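Asker: Given these sequences and hints, build the entire structure.
Protein sequence lines, in the order shown, are assigned to chains A and B. What the first sequence shows, in the numbering used here, is residues 1 to 484, in sequence order. What the second sequence shows, in the numbering used here, is residues 1001 to 1143, in sequence order.
Hints were generated in silico from the structure; no laboratory data involved. Quick caveat, the model's predicted, so the values are computed rather than measured.
Derived DSS-like pairs: lysine-lysine, alpha-carbon spacing no greater than 30 Å straight-line:
hint, chain 1, residue 1, chain 2, residue 2
1, A, Lys283, B, Lys1035
2, A, Lys283, A, Lys338
3, B, Lys1035, A, Lys338
4, B, Lys1056, A, Lys385
5, B, Lys1133, B, Lys1056
6, A, Lys241, B, Lys1108
7, A, Lys385, A, Lys425
8, A, Lys311, A, Lys366
9, A, Lys385, A, Lys464
10, A, Lys300, B, Lys1035
11, A, Lys245, B, Lys1108
12, B, Lys1082, B, Lys1108
13, A, Lys110, A, Lys92
14, A, Lys348, A, Lys385
15, A, Lys245, A, Lys425
16, B, Lys1082, B, Lys1133
17, A, Lys194, A, Lys110
18, A, Lys321, A, Lys425
19, A, Lys210, A, Lys56
20, B, Lys1035, A, Lys385
21, A, Lys348, B, Lys1056
22, A, Lys283, A, Lys382
23, A, Lys311, A, Lys338
24, B, Lys1035, A, Lys382
25, A, Lys245, A, Lys382
26, B, Lys1092, B, Lys1082
27, B, Lys1108, A, Lys425
28, A, Lys283, A, Lys348
29, A, Lys382, B, Lys1056
30, B, Lys1092, B, Lys1056
31, A, Lys348, A, Lys464
32, A, Lys234, A, Lys222
33, B, Lys1035, A, Lys348
34, A, Lys359, A, Lys320
35, A, Lys92, A, Lys210
36, A, Lys300, A, Lys320
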Amino acid sequence: MTPLSFSVSNNEFQATAEKFEEGKMIKSLLVSTEPIYIAHYNSIFEQLWDNSIDAKDRIYDIEEGVDLSDIEVIPRSGRSRLLYLELVRCAKQEILFIFPTSNALIRQEKIGAIPLAAEAAVKRSVRVRILVPYTEEVERRLQSILQIKILRPVYNADIDFRYTDTEQASGSKATILVVDRKASLVMELRDDSKTTFDEAIGLSTYSNSKAGVLSYVDIFEKLWNQIELYQQVKQANERLKLHDKMQQEFINVAAHELRTPIQPILSTVGLLSSTNQATVTRKELNDSISMIARNATRLKQLSEDILDVTKIESQTLELKKELYDLNGIIRSSIEEYKRNPTIKYNTKIQLEYLPLHSKLYVEVDKARIVQVIFNLLANAFKFTKEGNIVISIQRNQTSSSEALISVKDSGQGIHQEVFPRLFEKFASKSFQGTGLGLFISRSIVEAHGGRIWALNNNKLVECKRGATFFFTLPIVNSDLAQLA
Amino acid sequence: MKPRKTGDKSKNKSKSKNKRILIVDDEPDVSLVLKKVFENAGFAAESYDDPILALKNFRAASYDLILLDIKMPEMDGFSLYKQLKNLDNDAKICFLTASEMYFSRLRKDEDFCKLDEGLFIRKPIGNEELIRKVNALLNEDTY
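Answerer: Set out below in structure tokens:
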């Protein structure tokens, strides 16, 4: 800046200048009417005027107690790097980062800014939050930073990050650092292709002006929350898509399961009506009848399962509860199972029932509990080629107010892939069936206040084959049961 | 698709008589009843509910038409199709299916798009319509 005080009008320029000469301060006055000087100093004044602050605002700020701010433009990236690291190192409560590109994060990790922030989080309980565009490299580096949380859980390091839009979509061209809501450093990105911080960064602006810093905090918080909202919307959308896909899958599975039993019925009826009735032997007729009965029952069961699922999902499944001895219910279930025409009884499988010698009263909808046991038996038989299937009941050892019913088979066991979704809809790994049975069973058991689960037998006894399904039902106090 | 070689039986337009059909469907009731339907219509029919066994017992040039279910455990109809074609490139094979999903998904995944739509028969199908479609396939010179 020109080292003098001056005044200038349209046609005259005056200035005072000071200089040391032979140990004395010499003051001199310059006066000029030269139009070039006048125009030059006029333009200097205009420039200074434009870049200054209105004195009224400044007086108001001082009177209102607004802090005196310090704003500094730093042209050299080497200096901004030092200031950057110093700010992070001195953070006491909070560090906020907004990175314009993934490369920016990588460069700033290299100069040590992010490790310093992690250290601040671990050692001084500083809350660190990072906004950065997503790339796999960024994900990998941030995950390694988060390892700190896992390695030193005692410090309970508070480091969090969220991904802004993809790099292409982000218009931001500066790294923004805000420390303790008191200071901000905005580092302009000059060239993102450079590998070092010093080469990539252009002008930086440091500010501790309250209004300026809080604006950046505000920008940060808005982005931070926006991303969360966006994630929620995205997740909701994915849930809907999944639901849609499952619905579609169900329609397809159900279509296959509904059409398949129709073929034997349609063909058998066709054969019976086209052949000469007199030539049909008794055995052929019986075979035809059982073929039709078997497939019609299969259709009936499927249609009932579909209706049950609809009731469960619309929460209109009603239970007609009455008091029963559990032994009787198990016996009815086994009889019903054996009577069912869809079952081809496999003589290589022994079905054993281990009854309880005392009565165990439960208040249940009998038909529904029979349905659960029927489903468990049907599954056990479906996945067992030979061996035995054992049904047992007992008082639950861990909770004596519960009855524990188990169905144990010696079949192929439950596939790892299906296990986590076993009681969900369409979890079937089999080529027959809709995967509705266990979903319905779980809903029925839970509606009775019980629980249902399964284990592969090798979890209980090593080398054992097969699986065991368990469910519980609340027991009614036997005295009360006697009264009833 | 290649035209059938000369001297092939499909040139014979006389219906059903002595035509040999192989049926593979994992539902025992379906494979059994379809065997009866074909026998009743004058065909010589053989059926399997186990695709692996069907492949094991397969002999080239033994059938005029092979009907395969698509959705089967252990080996689906498309895999079986490829295996059978390896054993007998001239075999005439068509699919019987009850599910659009398995039909369209497998057809796409397995690159069976070039197969003619007429080679897919939807279940359930009435006896007369099935015999009519099968006869039409048998009377085609190319497939």
